Structures are given as C-alpha cells and as structure tokens.
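Undergrad: Listed in order, the protein sequences are those of chains A and B. Sequence positions in the first sequence follow my numbering and run 16 to 756. Sequence positions in the second sequence follow my numbering and run 16 to 756.
Just so you know, the hints here were simulated from the structure itself, not pulled from any lab data. Heads up, some of the hints might be wrong.
One copy or any two copies: either way a pair holds, since identical chains are not told apart in the list.
[Stated by the list, open to error] List of simulated lysine-lysine pairs, DSS-like, C-alpha gap at most 25 Å: (1) 68 to 19; (2) 54 to 68; (3) 289 to 543; (4) 696 to 289; (5) 637 to 401; (6) 391 to 322; (7) 623 to 637; (8) 641 to 44; (9) 289 to 57; (10) 320 to 43; (11) 401 to 712; (12) 712 to 72; (13) 391 to 637; (14) 401 to 706.
Owing to the predicted nature of the structure, the values given are computational and were not obtained by experimental measurement.
Number of protein chains: 2
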Amino acid sequence: MENKVFFLVPVSAVLALFFAWYFFHQMKKESEGTISMQKIAKYVREGAMAYLKQQYKVVGIVFLIITIIFSFMAYYLKIQNPWVPFAFLTGGFFSGLAGFIGMRTATYASARTANAAQQSLNAGLRLAFRSGAVMGLVVVGLGLLDISIWFYVLQFVIGALDNATNLTIASDSSMKLIIITTTTLTFGMGASTQALFARVGGGIFTKAADVGADLVGKVEENIPEDDPRNPATIADNVGDNVGDVAGMGADLYESYCGSILSTAALGAVAFAAKGTAVQFNGVIAPMIIAAVGIILSIIGIFMVKSKEDASQKQLLSSLSRGINFSAIFIAIFSFLILKYLNIPNYLGIWGSMLAGLFGGVAIGKITEYFTSAGFKPTQRISESSKTGPATVIIAGIGTGMISTAFPVLVVGISIILSYLFASGFDFSNISMGLYGIAISAVGMLSTLGITLASDAYGPIADNAGGNAEMSGLAPEVRRRTDALDALGNTTAATGKGFAIGSAALTALALMASYLEEIKIAIARIPEKTELFFNAMQTDIHQASIPQLIEYFQINLMNPRVLVGAFIGAMAAFLFCGLTMNAVGRAAQNMVQEVRRQFREIAGIMEGKAEPDYARCVAISTKGAQKEMLLPSLLAIIIPILTGVIFGVSGVMGLLLGSVSTGFILAIFMANSGGAWDNAKKYIEEGNLGGKGSENHKAAVVGDTVGDPFKDTSGPSLNILIKLMSMVSIVMAGLTVAWSLL
Amino acid sequence: MENKVFFLVPVSAVLALFFAWYFFHQMKKESEGTISMQKIAKYVREGAMAYLKQQYKVVGIVFLIITIIFSFMAYYLKIQNPWVPFAFLTGGFFSGLAGFIGMRTATYASARTANAAQQSLNAGLRLAFRSGAVMGLVVVGLGLLDISIWFYVLQFVIGALDNATNLTIASDSSMKLIIITTTTLTFGMGASTQALFARVGGGIFTKAADVGADLVGKVEENIPEDDPRNPATIADNVGDNVGDVAGMGADLYESYCGSILSTAALGAVAFAAKGTAVQFNGVIAPMIIAAVGIILSIIGIFMVKSKEDASQKQLLSSLSRGINFSAIFIAIFSFLILKYLNIPNYLGIWGSMLAGLFGGVAIGKITEYFTSAGFKPTQRISESSKTGPATVIIAGIGTGMISTAFPVLVVGISIILSYLFASGFDFSNISMGLYGIAISAVGMLSTLGITLASDAYGPIADNAGGNAEMSGLAPEVRRRTDALDALGNTTAATGKGFAIGSAALTALALMASYLEEIKIAIARIPEKTELFFNAMQTDIHQASIPQLIEYFQINLMNPRVLVGAFIGAMAAFLFCGLTMNAVGRAAQNMVQEVRRQFREIAGIMEGKAEPDYARCVAISTKGAQKEMLLPSLLAIIIPILTGVIFGVSGVMGLLLGSVSTGFILAIFMANSGGAWDNAKKYIEEGNLGGKGSENHKAAVVGDTVGDPFKDTSGPSLNILIKLMSMVSIVMAGLTVAWSLL
C-alpha cells in the first residue's frame with residue numbers, strides 16, 4: 016500500500032454494515048401489531064421471498080453461463096484478464112445481497128411502521144426511516160467492502176498472474192495500477208448485470224400487479240386501493256418490495272460502485288506520469304471520499320429525529336437537516352481529502368466535484384417542478400382530464416418530453432465545467448478532464464448512505480399503509496403512512512436526481528475507461544501491438560488518447576461511429592419498448608385472473624371469502640421471470656455484436672448514442688410517470704371533481720400508463736447505459752482480436 | 016457549362032410542371048356534383064385558403080427577419096456569402112408554392128372524386144390519383160427548376176462577387192464549384208424552414224380539429240365521423256388539406272431538394288482533385304438522375320389505369336405497376352447515367368444508390384408490418400383494448416419503440432454499404448464514402464413524382480369521403496372512397512419509408528457539408544486562416560477532412576462533442592414535447608367550442624340548425640399559428656447557440672445527436688400512431704366487439720393519442736433534423752468568427 020490512509024475505506028465499510036445491523040435489530044424489537052397485521056406482513060414477506068428465490072435462480076444461471084464464457088476467454092483464448100470471472104461473480108453476489116437484505120428489512124418493517132403510526136406520525140417516521148437506512152448503509156457498506164477487498168488482493172497478485180498471459184507490465188511501472196483498476200471494473204459489470212435483472216424483473220412484477228389490481232379493483236369494481244377483497248392486493252404489496260426496494264438497492268449499489276471504480280480507473284491513467292505515489296492517491300481519492308461520506312451519512316441518519324408532537328413540517332425539516340448536513344460536510348471534507356492526498360490541481364478537481372454536486376441538486380429540483388402537483392405542469396395534466404383520458408396521455412407525454420430539456424442542460428454544464436476545472440481549462444488535457452467528469456459523479460453519490468435511506472423508506476411507508484388498510488386499522492393510520500410517503504418525496508427527488516445525473520457522468524467516464532482497456536487488450540496480442548506500432552510509431556503502452564482516436568478513427572465522419580450511435584440510441588428505445596410490452600402482457604394476465612376470482616369465488620365482494628392471493632403472486636412472478644430475460648440479455652449482446660462487427664469506433668459510437676438517448680429517455684419516462692401519478696393524486700385531494708368523477712377516471716388511465724414508465728422502463732435505463740459500457744470494457748479483448756470492419 | 020447534358024435538368028422540370036398543369040385542367044373539367052357537394056367543397060376550400068393566407072403571413076415575417084440577419088452577415092460582417100439571403104428566400108418561396116398548388120388542387124378534387132366514385136371505384140381512383148400527381152409533379156418540377164436556376168446563375172456570378180468579400184478562389188480552381196454547391200444549400204435551408212412551419216402549423220391545425228371532433232362527436236355524442244351536425248367536421252376536413260397535403264408537399268419538396276443539393280455539395284469535394292470536368296459531372300450526377308426520375312414518374316403515372324370493372328385487387332396492382340416501373344427503371348438508368356458521366360468508380364456509386372433504394376423499400380415493408388392490422392403487432396394492440404385504454408396506450412408505445420430497431424438496422428446497413436461501395440471498401444477514402452451516403456438518399460427520392468402522387472391522393476380520397484358523408488350520398492360512395500384511401504396505404508408506406516430513410520442519410524451527408532462550409536468560413540477570415548496554417552502546416556484550401564477533425568477535435572472524447580450530442584438528442588424530444596402539448600391545448604379549446612355549440616345552438620342534433628363551422632376553423636387556425644412559432648424557432652436557435660458556445664465540434668455532436676435520436680423518435684411516433692389508428696379500424700371492422708363496444712372506446716383513446724404522434728410530431732422530425740444541419744451550415748461563418756469554447 017502506497018498510502019496508509021486507505022485503511023479508512025474498509026473501516027468505514029464495516030462501520031456502515033455494523034450500523035445497518037444495529038438499526039435492523041432496533042427495528043425487529045418493535046411490535047408487529049395485531050394478529051391480522053402479522054398475518055398480512057407474513058403473506059407479503061413470503062411472497063417477496065418466493066419471488067426473490069425464483070429471481071436469483073434465473074440470474075444465477077445467467078451468471079454461470081457468462082462466467083464460463085469469461086473463463087474461456089481468460090484461460091483458453093488468453094484475451095482476457097484471469098481475475099475477470101471472479102470479480103464478475105462477486106459484483107453480482109454483493110449486489111444481490113444488498114437487495115436481499117434491504118428487502119428483508121422492509122418486509123419486517125412495514126407492519127411495525129403501521130403499528131408505530133398508530134401511536135404518532137413521528138414514531139412511524141423514525142421506524143420507517145431507520146429501516147430505510149438499513150438498506151442505505153448495506154449498499155454503501157457492501158460496495159466499499161467489495162472494492163477494498165479486490166483492491167487489496169489485486170495489489171498482490173496481478174503482476175504474477177498477468178505475466179502468464181503474455182502481458183508486459185515491466186516497461187512501465189504505472190501500468191500495474193491501470194490494470195488493477197480496469198480489472199475491478201469487471202466487478203462493476205457483475206453488479207450492473209444483476210442490478211438490471213433486479214430492476215427489470217422487479218419492475219415487471221410490481222407494475223403487472225399494480226396495473227392489474229387498479230384496473231379491476233379501482234376502475235371496474237370501484238373498491239379502494241389495498242382493499243383486502245382484491246386478489247391482487249398482496250401481489251401489489253409484494254411488488255413494492257421486490258421492485259422498489261430490492262430493485263432500487265441493486266440499482267444504487269451498481270451506481271455507487273460504478274462511479275467509484277470508473278473514477279479510480281481514470282485516475283490511474285490521468286496520474287500515470289506523475290509517479291506511483293501520486294498515481295496511487297489519485298486512484299484512492301474517490302474511495303476515501305466515499306468512506307468519509309459513509310461516516311457523515313451515519314451521523315446524518317442519527318440527526319433525523321424530532322419531538323414527539325412534531326408537525327409534518329417539522330418532520331420534513333428534520334429529514335432535510337440530516338441530508339443537508341451530510342451533503343454540505345462532504346463538500347467541505349472532500350476539499351480536505353484532495354488536498355491531504357496532494358492530488359495535482361486538487362482545487363480544480365474539487366471544483367469538478369462541486370459541479371457534479373450542484374448538478375445533482377438542480378436535477379432534483381427540476382424533477383420536483385415537473386412532477387409535483389404544487390406546480391403548473393402537473394396541474395395542467397390534471398386539467399386536461401376534463402377532455403378525457405386521451406388528452407391526459409397527450410399532456411403527460413408532452414410535458415415529460417419537454418422536461419428533458421433542463422436536466423440535459425444541467426448535465427451539459429456539469430460535464431463542461433468538471434472537465435474544464437480538472438483539466439485547468441485546457442481541452443487538450445484529456446485524461447485530467449475525464450477524471451474530473453468521473454469524480455463529479457462520485458460527489459453526487461458519496462452520501463448515498465443517507466439519500467438512499469430517504470428514498471427507501473417511501474416503499475416501507477407505502478406497505479405500512481397497505482397493511483393498515485387490509486388489517487382494518489383506523490383511517491387515521493393510513494393518513495399518517497400516506498403523509499410519511501409524501502414527506503419523503505421531496506427528499507427522494509434529490510436522491511433520484513443524483514442517481515440519474517451520476518449515471519450519465521459515470522457512463523461517459525466509462526467510455527474513456529473503454530479506450531484504456533483497448534490499449535491493454537492490444538498489448539495482450541503481439542500482432543496487434545506490432546500493427547499499432549507500425550501505424551503510429553509509438554509503443555502501445557505509451558499511446559495517448561489522441562493517438563488511439565486517430566488509430567481507430569473515433570471521429571464523427573467515420574460511418575462505423577455513426578452507425579454505432581444509431582444502434583446505441585435505438586437500444587434504449589428497444590429496451591423500453593420490450594419492458595413496456597412486458598408489463599402490458601403481464602398486467603393483462605393479472606387482470607384476467609383477478610376478474611376470474613371475482614367471478615368464480617362466491618362471497619369475495621362481501622368479504623366473506625378470502626381471495627387466492629398466492630395465485631396472483633405466482634402470476635406476477637412467472638410473468639416477470641419470463642419477460643425479463645430478453646431485454647436484459649440484449650443489453651449484453653448488443654455491445655458484443657457491435658464490437659465484433661464494427662470494431663472499437665463502432666462501440667464508442669454505440670456508447671455515446673446509448674448514453675445520450677438513454678439518459679433523456681430515462682428522464683422523460685420518469686417525469687411523465689411521476690407527473691401522471693401526482694396529477695391523479697391532485698384530483699383525489701378533491702380538485703376537479705375529486706375521487707370517482709369522470710376526470711378522476713381519466714387521470715387513473717394516465718397513472719396506469721405511467722406505472723411502467725416510472726417504475727420499470729425509466730429506472731432500468733440508468734443501469735442499461737452503464738451495463739453496456741461495462742460489457743464493452745470487459746469484452747474489449749474480443750473486439751480487438753476479432754472485429755470485422 | 017462543362018457538360019451540355021445538364022439541359023436535361025431544367026427541361027424535365029418544365030416537363031413536370033407542364034403535366035401537373037395538364038392533370039389539373041383535366042380534373043377541373045369534371046363535374047363537382049350536386050349543389051350540396053359544391054357547397055361543402057367550397058367551405059373546405061375557403062377554410063383551407065384562409066388558413067394558408069394566415070400561415071404565409073406569419074412565415075413571411077419570420078423569413079423577412081432571417082433575411083435581414085443574413086444580409087447583415089453577408090454585407091456588413093462579411094462572414095457570409097452574398098447570395099445567401101436570396102437563395103434562402105427562393106427556397107422558402109418555392110416550398111410554399113408547392114404546398115399551395117398541391118392543396119388548391121386537392122380542395123378542387125375532393126368533391127369531384129366523390130362524384131366520380133358514385134360512378135365507379137375506378138373513376139374515383141383515376142381522378143384522385145391524377146390530382147395527387149399534380150402535387151407530386153409540382154414538387155419535383157419546382158425543385159429541379161429552382162436548383163437549375165441557381166446553378167446557372169451562380170456559375171456566372173460567384174467569382175466576381177466573392178472577390179469582394181476577400182475570399183480567394185484563385186488558389187484552387189476546383190473551389191468555385193464547392194462554393195456554388197454550398198451556397199445552393201442555403202436555398203435548402205429556406206425550403207426546410209418553410210417546410211417545418213408548414214408541417215408543424217398544419218399538423219397542429221389538423222390534429223386539434225380531428226381530436227376535438229372525435230372526442231365530442233364520436234365519444235360523447237355518439238355520432239359518426241364526418242357527420243355534418245358536428246361543428247368541427249369542416250375544420251377536420253380543412254385540416255386534411257393544410258396538414259396532410261400542403262404540409263406534406265412542403266416537407267417532400269425540402270427532402271427532395273435537400274438530398275440532391277447535399278449530394279452535389281459532397282460531389283464537388285469528392286471529385287475536386289480529379290479535374291474540373293470530372294468534378295462538374297460528379298456535381299450534376301444527382302440532378303441528372305432526378306431529371307430522368309421525373310420522366311419515368313410521368314410515364315409511371317400514365318400507367319396507373321385499369322378496366323372499368325376492375326376489382327380492388329386489380330386497382331392495387333395497377334397502382335403498384337406504375338410505381339414499380341419507375342423504381343426499376345431508375346435503378347437501371349442511373350447506372351447508365353453514372354457510366355455516361357464517366358464518374359470515377361461509377362459501379363461502386365451505383366451500388367451505393369441501390370443500397371439506399373433497397374433500404375427505403377425495406378423500411379416501408381417494416382412500417383407496414385408494424386402498423387397494418389393484417390399483422391400480429393397491431394392485432395395485439397387491438398386485443399389489449401379488452402383491459403381498457405391504459406393497456407392500449409402501453410401496448411402502442413411499447414410496440415412503437417420496439418419497431419424502431421429494424422429501420423435502424425436497415426439504415427445502418429445502408430450507411431455502411433453505401434460508404435464502402437463508393438469508397439472502394441476503404442474507410443479512409445472519406446469524401447467518396449460520404450458522397451456514396453448522400454447519393455443513396457437521391458436514389459430513394461428520384462421517383463418522388465409518382466411515389467408522392469400515391470401518398471397525396473390518400474387525403475383527397477379521405478376528403479371525398481367526408482364530402483360524400485356530409486352531402487348525404489349513398490353509403491356505397493363512402494365505402495368506395497374508404498377503399499381508395501386504404502388502397503393507397505400500402506404504396507404510401509413505401510413512400511414514407513423513402514422519406515424517413517432519406518432524411519437520415521441526407522442529414523448525415525449535411526454533416527460533411529458542414530465541415531466544408533467551415534473550411535470556406537475559415538478562408539474568409541484572414542486571422543483564422545493563419546491560425547489554422549500555424550497549427551496544421553496546411554493551407555485551409557488544401558485541408559483534408561482528417562485535418563479538420565484533428566484541428567477541431569471532432570472526436571468522442573471531446574466534452575464539447577459529448578455535450579453537443581446530448582443537446583441534439585434533447586432537441587428532438589423537446590420539439591416533440593412542444594408540438595404534442597400544442598395539439599393537446601388546441602384540441603382542448605376545440606372540444607370546449609364544440610361542446611358549447613351542441614349546448615347552445617338549438618336543433619343542432621336534429622339537423623335543423625347549421626353549426627358554426629367557421630368558428631371551429633378559426634380556433635384551429637389561431638391555435639396552430641400561436642403554437643407553431645416556439646418549436647420551429649427552436650430548431651433555428653439551438654444550432655446557432657450551440658455553435659456560438661461550443662464551436663465546431665459542439666455543432667458536429669449536436670447534429671449526430673439530433674439525427675440519430677430524431678430518426679428513431681420519428682419512427683417510434685409514426686409507427687405507434689399508425690398502429691393505434693389501424694388497431695381501432697380493426698375493431699371497427701367488426702372484430703373484438705366492433706363499433707360502439709367498450710373495446711372500441713378504449714381503442715379510440717389510442718387512436719386519439721396517436722393523432723399528434725403520427726401527423727404532427729413524428730413527420731416534423733424529418734424536417735427538424737435537416738433544418739438543424741442547414742442552419743449550422745449557413746451559420747458556419749458565425750461559429751468560426753465568434754465561438755466561445
């Protein structure tokens with residue numbers, strides 16, 4: 016270890032896991048309420064676990080196949096680093112574990128939150144928020160743990176093993192860290208792969224159940240949400256857990272690790288010429304920032320508490336206090352960290368981080384403006400319900416599309432500023448500029464421990480409400496859990512802004528890492544090394560980014576780049592289309608089943624007979640498992656095929672196309688969906704005729720369409736764009752060895 | 016003139032205009048039917064003319080302002096060619112004229128078609144098709160006329176005038192044709208600007224009227240389409256004329272000229288080193304192909320006739336015969352033309368043309384598969400109506416998004432093949448490769464005379480049906496006009512495939528033209544010329560594309576390129592969002608007005624009182640004029656701002672982002688909209704419960720949402736992506752002189 020301060024990384028990871036364990040046990044000590052509440056919680060928990068078991072079985076098979084392919088490439092073809100298969104596996108494993116623990120916690124917490132909410136809003140908040148914090152801390156804890164383990168291990172073994180695969184590190188001692196950091200990116204690919212399956216599968220499950228439950232329950236039978244007479248209601252609650260909790264956990268585990276790993280990889284390159292001590296510090300800088308972010312998050316979580324008789328406004332300010340504390344202090348501490356690590360141009364790099372941080376906050380505010388019923392855009396969607404569902408849909412799509420303009424401008428400014436700050440306002444200082452872009456994403460996600468807590472407690476409150484409704488608790492309890500859910504929405508918007516903004520920045524950083532991996536891949540193959548030398552008169556180890564750009568013609572007049580960009584943009588649309596249709600099909604099956612139960616089970620409407628909840632859970636499970644495979648596998652296959660056919664320049668075009676279009680499509684879908692949801696809620700609050708009016712029915716159609724927008728297709732896109740980059744990086748050897756054009 | 020064969024271009028243009036005049040007078044000679052039919056036709060005609068007058072007033076003001084700006088740039092700042100303001104004006108004028116004549120013909124033809132359809136299907140077909148041919152021939156005739164006039168004029172004057180603006184042509188005699196051809200691109204910008212206004216304004220008008228008429232008429236009052244009791248019904252028919260006819264005419268005028276002009280501009284560059292004779296031939300090749308295409312189109316139009324007692328199938332084959340004849344013979348003739356002109360590698364370039372032609376046909380077939388009720392995707396959308404409007408919307412959006420994958424692959428293959436064929440399979444032969452991409456678009460559009468005829472006669476038949484309905488003709492007549500409309504759909508799909516495919520290819524070609532214009536702009540400014548020479552050790556006139564790429568860092572690791580790509584992709588979404596919302600708002604006003612009339616005008620439902628048709632026309636007109644400005648102006652402002660802030664590399668990123676995302680978004684919106692339309696028609700044919708069932712109501716919601724998708728936002732995107740390129744080209748001087756980063 017070049018710098019002892021690295022110990023902070025594993026220590027803070029263990030600290031996070033310890034507090035997660037502590038909060039979990041605190042929560043478990045609380046009462047789960049009446050027999051009926053326990054029973055319902057058990058149904059949901061069992062449904063969720065059954066789903067996850069099935070999900071992990073399928074994903075396990077996929078991982079097995081990919082690992083075999085990687086091993087073949089590494090040990091037989093020798094176009095791949097020998098650590099890749101193992102790193103890939105651990106990434107997937109930890110991502111799955113983070114989702115599993117978060118979900119298990121949520122399913123234990125929902126009845127307890129409902130029970131606490133009987134007492135007071137404040138009690139409910141504390142229980143739900145601390146349970147959400149379990150997931151926040153597990154995600155960051157497992158993330159940094161995995162990163163530090165691999166970083167330690169590879170330090171010792173990378174040289175010895177790599178000699179066996181013909182790679183000459185000898186010529187340049189800075190090469191070792193470059194290889195270590197690009198290898199750890201493979202573990203990012205494992206995390207992204209498992210996250211995509213979790214998001215897509217969970218998203219299909221939850222929305223099939225939700226849409227199915229709403230279409231028959233609310234629209235046809237006129238019974239309220241979460242009514243125990245609705246056969247799909249347990250499935251709907253299970254869905255919140257497997258989609259919004261387990262899916263979100265895996266998703267953000269992937270984002271968190273991805274941002275740190277891509278920054279580390281670019282740091283290894285940017286500081287390669289400055290000596291190994293500086294290079295080492297540049298690599299660990301994002302990790303140290305994340306480690307300090309964990310400690311600040313834990314303090315922030317403890318700050319979220321308020322007096323017993325606190326008003327809703329006080330609760331919100333208590334929540335914001337914790338989050339703002341962590342954000343402000345990480346901004347200050349990261350300056351000290353960068354200065355202490357003696358990073359060249361630490362002031363500029365700190366500026367890059369701040370550019371990212373401000374960008375994330377701005378995107379959150381923009382999201383809030385376009386999706387909250389407190390502002391004009393969503394109110395206008397509500398008003399368009401006066402002319403029926405068609406105009407609600409048109410207005411929602413129109414507004415969602417318009418809303419993409421502002422986050423794009425914000426991210427554009429963040430990209431340019433973080434590049435310019437880090438590069439010392441010199442466009443030709445490419446490596447430093449790209450490091451700046453990468454670290455700006457780290458800034459956004461460094462306090463994920465607490466921002467994710469404020470995001471994850473929403474579904475817990477939601478489930479608590481469902482439990483209260485089904486157990487027949489006083490309406491007051493439901494109102495409180497609804498208030499809790501709404502309370503988190505403002506803070507959650509910021510968290511989502513960070514998640515989406517960091518995805519775009521990390522994906523761009525990964526494009527640069529891809530070029531580095533291409534260098535390594537060329538170095539691995541003697542003929543390619545020679546070809547490169549003959550063309551460019553430079554040894555591949557010394558090749559600069561402009562030389563790689565020239566050699567592979569990675570410019571906008573190369574038809575392979577153009578076609579790649581088209582395919583990348585198309586991949587985002589294709590992926591959304593497949594997941595939308597998947598939800599549509601699964602929801603239709605659910606509707607048929609719910610209608611059948613209402614028709615065939617006598618006494619169900621009178622509450623005398625119990626519906627067959629398990630059957631609905633099984634239908635959603637089956638639908639999700641069947642439908643998640645194609646879109647998820649496409650994300651892996653498209654970059655491989657593009658690489659094999661169009662070569663390096665085609666892949667670069669592909670990544671640019673998928674990042675730009677994917678980012679915009681993700682915002683469009685999230686914001687349209689969010690706005691429809693709140694436009695409906697606005698009417699339910701008594702505006703424009705209120706619940707049960709024709710306007711309300713029109714708004715419900717919008718909300719239903721928005722469900723897969725905001726909870727299936729939209730959030731999966733964040734993972735998609737990074738997974739495609741990761742796959743390209745890991746498959747770089749294949750592209751270099753075999754590409755056709 | 017270096018080659019006398021150029022005379023073919025103006026001659027065929029005049030020939031096209033002559034036959035357009037001939038068909039128009041033939042049509043005018045027919046009877047317009049009963050007094051009632053004449054009255055309705057007059058209402059529609061007057062409404063359409065009133066709209067166009069208002070539209071051209073607004074567009075005229077916009078053109079005036081832009082012309083003043085261009086004149087300032089050309090004569091005062093001297094960063095612009097002095098011919099630019101004039102060329103810009105003629106492009107706009109001829110585009111508007113083409114739309115005007117086409118629309119005027121259509122409004123005269125509709126009642127006559129209805130009258131002829133009383134006699135037989137065949138008589139109706141011939142009248143409607145020949146009237147559609149008027150527009151087809153006017154578009155290509157005016158297009159080639161404008162091109163030949165400017166080409167002649169600039170030959171004589173460009174040298175003298177340009178000396179006055181410090182531009183040294185002397186150093187390289189091939190420079191003259193390069194300047195001429197890039198100047199003529201300005202006239203393409205005029206055409207694109209007017210086309211965008213026509214498409215957006217017309218699209219908002221027609222869909223506001225359509226959605227408004229349907230929502231109240233069909234859904235609330237349960238009266239059929241085109242019922243004279245519906246106050247919006249005249250506005251709806253006016254809309255078909257101003258949107259589908261005038262808008263389409265202006266649109267395809269722009270596509271036609273754009274493809275020829277961009278190919279000519281790239282030809283001037285690609286063959287610059289081969290001597291002026293070869294260069295001249297390379298420039299006129301696309302024009303000669305288009306000229307021969309006109310002659311073949313005229314012959315093809317005359318081939319569309321059939322026996323008096325022909326079956327529907329025979330009529331279709333008669334229609335296809337004409338189109339296939341023109342397509343096959345242009346494929347053969349273009350080989351002879353390229354060979355006769357002695358173009359270097361004429362065989363390869365011919366291959367590029369064929370790649371484009373096949374690509375266009377394939378996109379047409381794909382469109383048909385995804386949008387026709389004869390195939391699974393649309394049938395599945397119909398079936399999703401069983402679970403209500405929400406699942407219809409989800410299925411339509413999902414299917415539309417999935418459908419983008421195949422056209423993207425087809426265009427990708429066309430791009431790569433046309434590049435490889437023309438460049439002799441050498442990726443570094445950039446100029447020739449790009450010429451190949453450009454000419455592949457010319458291949459698609461060369462027989463526009465007849466393909467547009469088969470597209471434009473649809474709205475005429477549609478209007479004839481409206482006239483028949485309102486005049487109370489026998490239901491048999493309506494059935495015949497519906498059959499005529501349906502008949503054209505298959506052939507029109509191919510036409511649309513050509514339009515959308517050529518838009519993508521032309522836009523890519525324009526990216527290359529942009530770089531050429533940048534060279535000229537640098538040459539115009541002595542300090543910039545010196546800067547370039549100092550950096551690259553090459554005179555700007557001799558600069559190659561790779562040198563420009565290196566100088567401006569037009570590569571994928573330049574943050575300006577990345578941000579540009581994000582902005583370009585976003586521009587397409589923003590534009591769609593604005594036009595969607597515009598239709599939504601205008602339609603809501605229309606709904607309120609129609610409801611008011613039903614409520615306040617006594618006896619309207621009994622057919623005793625006449626509704627106030629004019630008021631509905633006025634509402635659509637006002638809505639369209641107010642709403643079209645912002646999205647259209649954004650298309651002009653975004654590239655200018657991007658250039659001024661991010662410089663040349665930012666603009667190149669912008670264009671790539673807008674072309675790739677715009678192309679895909681256009682296909683998504685067109686196919687979702689088309690599929691919803693046909694899913695509804697499938698139910699109306701008696702499937703799934705038929706007209707009036709709950710399923711039908713759900714499908715009508717889908718169709719209504721699809722209206723602005725397929726007729727406002729979607730088709731405008733084709734123009735948008737080219738207009739943004741054209742604006743960038745014309746504003747190149749500004750970017751070079753002033754860019755910030």
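Undergrad: Against this structure, judge whether each hint is valid.
TA: Tested hints:
Taking the closest pair of Cα atoms, residue 68 and residue 19 never come within 25 Å of each other, the shortest separation being 41 Å inside a single copy and 78 Å across copies. In this assembly of identical chains, residue 54 and residue 68 lie within 25 Å of each other by CA distance solely inside one copy; the values are 21 Å within and 71 Å between copies. Taking identical chains as interchangeable, the C-alpha atoms of residue 289 and residue 543 are never at most 25 Å apart, the minima being 28 Å within one chain and 36 Å between chains. Taking the shortest alpha-carbon separations for residue 696 and residue 289, neither the intra-copy value of 57 Å nor the inter-copy value of 69 Å comes in at or below 25 Å.
Taking identical chains as interchangeable, the C-alpha atoms of residue 637 and residue 401 lie at most 25 Å apart only when they sit on different chains, with a minimum of 22 Å there against 38 Å within one chain. Proximity of residue 391 to residue 322 under the C-alpha cut-off of 25 Å is found in neither arrangement, the shortest distances being 34 Å within a copy and 61 Å between copies. Within a single copy, residue 623 and residue 637 get their C-alpha atoms no closer than 29 Å, and across copies no closer than 59 Å, so neither meets the 25 Å cut-off. When the C-alpha separation of residue 641 and residue 44 is checked against a cutoff of 25 Å, the pair qualifies neither within a copy, at 38 Å, nor between copies, at 63 Å.
Taking CA atoms no more than 25 Å apart as the test, residue 289 paired with residue 57 passes in neither setting, with 58 Å inside one copy and 81 Å between copies. When the C-alpha separation of residue 320 and residue 43 is checked against a cutoff of 25 Å, the pair qualifies only within one copy, where the shortest distance is 19 Å, while the shortest distance between copies is 83 Å. Taking CA atoms no more than 25 Å apart as the test, residue 401 paired with residue 712 passes in both settings, with 10 Å inside one copy and 17 Å between copies. Proximity of residue 712 and residue 72 under a CA criterion of 25 Å is satisfied in neither setting, with 40 Å inside one chain copy and 42 Å between copies.
For the homomeric pair residue 391 and residue 637, the shortest alpha-carbon distance between copies (23 Å) is at most 25 Å, but the shortest distance inside one copy (41 Å) is not. Taking identical chains as interchangeable, the C-alpha atoms of residue 401 and residue 706 lie at most 25 Å apart whether they share a chain (14 Å) or sit on different chains (24 Å).
Figure legend: structure checked against the earlier numbered hints; hints not met, in rising order: 1, 3, 4, 6, 7, 8, 9, 12.
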